[in-house]
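Peer 1: Make the full structure from the sequences, and use the hints.
The sequence shown runs 17 to 155 under my numbering.
By construction, these hints were calculated from the structure, which means they are not laboratory data. Heads up, some of the hints might be wrong.
[Unchecked claim] When the alpha-carbon atoms are kept at most 27 angstroms apart in a straight line, the in silico BS3-like pairs for lysine-lysine are as follows:
1) Lys72 with Lys155
2) Lys78 with Lys103
3) Lys121 with Lys155
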Amino acid sequence: YTVGATFTEPKVAAGHPHPYGLFIGGSGLDSDTPTYVYCVAYGDGTALVRGFSGGKVSDYSKRAPNAAVKKAAEGGSVSQSIQWTVKGNRAECSVNGTVVAGFDKSELVGPGKLQSTDGIYGIRAAHNVDIVVSNFGKK
17 YTVGATFTEP KVAAGHPHPY GLFIGGSGLD SDTPTYVYCV AYGDGTALVR GFSGGKVSDY
77 SKRAPNAAVK KAAEGGSVSQ SIQWTVKGNR AECSVNGTVV AGFDKSELVG PGKLQSTDGI
137 YGIRAAHNVD IVVSNFGKK
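Peer 2: Structural data, given as structure tokens:
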């Protein structure tokens with residue numbers, strides 16, 4: 017499957033960039049120990065893939081600059097198209113049509129990780145960020 021959305025940050029106003037993107041593999045979302053993995057972009061041109069499982073954080077890729085991620089002009093707006101593609105034994109996150117991180121399912125699923133990459137998917141956004149989300153859903 018592929019799930020995606022376009023995120024538009026009308027004005028980067030928080031004084032520093034905040035992340036927004038998509039999660040997959042969600043389970044236990046109504047508990048104190050949700051499980052999911054998310055891919056997010058920041059308006060400063062960086063991306064990150066991180067997960068939560070059993071209340072613990074796992075960094076799958078460190079926050080780092082990526083040429084695919086657009087940078088907002090000072091106080092300006094920025095739009096990012098973000099998607100997860102899960103096919104066969106792979107899960108890949110793309111930003112603006114370019115894969116920024118990819119994983120074998122064995123890296124994401126197992127004890128202390130996701131139960132499955134086929135769980136609930138959704139939007140992940142930080143506090144203090146105003147975004148407009150469009151074209152959200154399975155593709």
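Peer 1: Each of the hints needs a verdict: does it hold here or not?
Peer 2: Hint by hint, here is what the structure shows:
1. Lys72 with Lys155: violated (30 angstroms)
2. Lys78 with Lys103: Holds, at roughly 23 angstroms.
3. Lys121 with Lys155: holds (20 angstroms)
Hint 1 from the earlier list is the only one contradicted by this structure; the remaining hints agree with it.
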